[in-house]
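Participant: Going down the list, the protein sequences come from chains D and B.
So the first sequence is residues 0 to 235, counted in numbering that gives the first Met the number 0.
So the second sequence is residues 0 to 292, counted in numbering that gives the first Met the number 0.
It is worth saying that the hints were derived from the structure and are not from the lab.
Just to be clear, a hint being listed does not mean it is correct.
Below, in silico cross-link-like pairs of lysine to aspartate or glutamate (DMTMM-like), each with a Cα-Cα straight-line distance of 25 Å or less [unchecked claim]:
#: 1; chain 1: D; residue 1: K81; chain 2: B; residue 2: D140
#: 2; chain 1: B; residue 1: K88; chain 2: D; residue 2: D211
#: 3; chain 1: D; residue 1: K81; chain 2: D; residue 2: D211
#: 4; chain 1: D; residue 1: K135; chain 2: D; residue 2: D211
#: 5; chain 1: D; residue 1: K192; chain 2: D; residue 2: D211
#: 6; chain 1: D; residue 1: K81; chain 2: D; residue 2: E193
Here are a few chain D residues that face chain B, going by a calculated C-beta distance under 7 Å [said to hold, decoys possible]:
#: 7; residue: W55
#: 8; residue: R77
#: 9; residue: R84
#: 10; residue: S108
#: 11; residue: G109
Yeah, the Cβ is synthetic: ideal placement off N, Cα and C, and Gly gets one too.
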Amino acid sequence: MKEVLRIEGLSAGYGPLRVLHDLDLVIHPGERIGIVGLNGHGKTTLFYAIAGLTGWQRGSILLNGQQIGRSRSQGAGRYTHKIVRQGLAIMPQGDEIFNGLTVEEHLDSGAFTPEAWRTRKERKEHVLELFDPLRKLMKTPVGRLSGGERRMVSIGRGLMTDAKLYLCDEPSLGLAPKIGLAVLEALMAIDLKESAMFIAEQNVALLEGRVDRIIGMHAGKLKGEASSGVQLGSGG
Amino acid sequence: MDLTFVVTNAIIVACIYGLIAVAVSITWSSLGLINLAYGFIFTFAGYGAWMVAEYLTENPFLVAASGIVAGALGGVIVCLTVFIPLHDKPNFTTRGMIATLAISLIGSQAFLIYFGPRPKALPEFFGYWRIEFLGTTLTSDKIGIVFCSILMLLVVVFWMRGSRRGLEIRAMMMNPQAASIVGIGIRSTGIYVMAVTGAMAGLAAILLSQTYYLSPFGGVVPLIKGVSIALLGGLGSVQGAVIAAILLGLVEALTNKFLGGQYVLMTQFLVIIAVLIVRPRGISGLLDKAREQ
């Protein structure tokens with residue numbers, strides 16, 4: 000079977016700082032993978048490297064068989080929109096939201112491929128089924144929403160196109176435990192079909208039993224891997 | 000006379016310079032570029048329309064349309080020569096400002112060499128009729144200027160609200176990094192922004208040519224006024240720019256009436272400085288609905 004993502008020898012960082020050290024990683028279709036690790040150990044940088052948003056990077060990244068991991072030394076984000084168009088959905092940490100746009104406009108802005116734009120009504124309906132609280136808020140500017148609602152908007156925006164790979168950076172960050180759990184449950188309810196989902200999280204207990212594999216990250220390297228059936232103990 | 004005369008003059012000035020101010024504002028907030036090349040685009044559009052009128056047709060609609068198209072073309076030229084090569088380089092804001100200023104200066108000199116210093120006149124677009132309104136005589140060109148610029152502004156605002164490109168531009172105005180995350184290309188959107196704002200400057204040039212002659216350096220004053228109105232409105236806000244345009248138009252008309260035309264720039268900049276001391280982010284800070292980050 001064709002891999003969704005194959006990373007070989009990826010290093011990345013910002014200026015003189017090297018954050019990722021020669022990572023290798025393969026993700027297969029239909030998989031949900033959790034990546035856990037402490038703050039500042041490179042989870043977000045790994046996601047940024049896949050999206051082409053780091054200061055510099057080298058190594059090979061194949062998304063659905065296409066090379067997206069150029070060696071770059073400047074111009075962070077220069078190719079991000081093209082990588083996104085090749086089938087990457089990013090649900091960033093801290094939401095990266097457009098404060099003045101309404102919830103509905105947000106969801107529309109996620110539908111950038113011509114096909115997704117034509118069918119955006121059904122797609123919005125689909126997102127609203129997952130995140131029912133957004134239904135009454137469609138005309139509200141996102142700057143006025145609560146943290147949990149914003150997270151729903153930012154995840155819903157990522158779901159507006161058919162991506163090959165969903166990158167979900169700390170979906171429960173800064174949310175009350177109950178709401179964080181609800182957001183994670185919604186992520187689990189998404190029908191992946193041939194695509195895959197990659198979730199960064201600090202709370203191992205939230206991922207346990209829900210994802211297919213959990214990978215640890217420490218000091219810019221991937222450490223240890225467990226299929227989720229294995230009990231990891233209570234929390235990490 | 001008196002009050003209505005002052006108000007109508009204020010509105011006319013506000014309309015023309017407001018177009019450029021809104022263009023400056025949109026370019027700044029979506030591309031992060033303080034585009035000082037609107038002086039060049041303005042003159043470019045004026046001479047484009049003049050060449051059509053001179054060599055092709057005197058039809059006022061076609062001449063006006065060609066001015067707007069030439070403005071859009073000028074915007075695309077600035078985008079291709081400044082924005083696309085420079086936008087991901089360090090210190091883009093300063094470099095972009097200097098590069099656009101250079102385009103404005105080089106452009107003016109080029110027009111001077113090619114067309115000569117003699118001012119050119121465009122045909123009258125709006126005929127010679129006049130109506131009486133509240134005791135003031137409104138000539139056709141005044142009504143036409145107000146009508147055309149409000150129409151253009153409405154078209155742009157509705158296009159920004161309703162269309163997909165408009166959504167992309169507004170998204171980029173609010174958060175450029177998030178825009179690239181949802182697949183909006185900065186460079187392709189930049190071309191749309193510059194074409195649309197260029198068309199606005201083109202229309203402003205056409206409308207101003209009804210009052211003043213075209214000259215190689217004719218774009219300088221509209222540029223200064225447009226940029227200062229955009230500053231007063233709070234760079235990046237369309238409503239703020241419109242309100243600031245009306246305010247400065249009023250100041251200009253009142254100064255003209257009570258002090259004399261030579262004091263206009265002084266009183267305008269005094270007002271701008273006063274407002275920016277009280278509200279450093281300009282007028283638009285009062286209008287923000289959503290909380291700032």
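Participant: Would the hint linking D:K81 and B:D140 be met if the CA-CA limit is 25 Å?
Facilitator: At roughly 48 Å apart (the allowed maximum being 25 Å), B:D140 and D:K81 break the hint.
Participant: Given D:G109 was flagged as interface, is its beta-carbon under 7 Å from a beta-carbon of chain B?
Facilitator: 5 Å, holds
Participant: Decide if the proposed pair is consistent with the structure: B:K88 and D:D211, CA atoms, cutoff 25 Å inclusive.
Facilitator: 42 Å, violated
Participant: Is D:K135 within 25 Å of D:D211, Cα to Cα?
Facilitator: The given pair, whose Cα atoms are some 34 Å apart, is violated under the 25 Å limit.
Participant: Less than 7 Å between beta-carbons is the criterion; does D:W55 satisfy it with respect to chain B?
Facilitator: Violated: closest Cβ of chain B sits about 13 Å from D:W55, beyond 7 Å.
Participant: Between D:K81 and D:D211, is the straight-line Cα distance small enough, at 25 Å or below?
Facilitator: 29 Å, violated
Participant: Does D:D211 lie within 25 Å of D:K192 when you go C-alpha to C-alpha?
Facilitator: At roughly 14 Å apart (the allowed maximum being 25 Å), D:D211 and D:K192 satisfy the hint.
Participant: Mind checking the CB of D:R84 against every CB in chain B and telling me if the closest is under 7 Å?
Facilitator: 5 Å, holds
Participant: Sort out whether D:E193 lies within 25 Å of D:K81, counting only the CA atoms.
Facilitator: Distance of about 21 Å is within 25 Å: holds.
Participant: Would you check whether D:R77 satisfies its interface hint, that is, whether its CB is within less than 7 Å of any CB in chain B?
Facilitator: 6 Å, holds
Participant: Given D:S108 was flagged as interface, is its beta-carbon under 7 Å from a beta-carbon of chain B?
Facilitator: 5 Å, holds
In terms of the numbered hints stated before, the structure departs from hints 1, 2, 3, 4 and 7, listed from lowest to highest.
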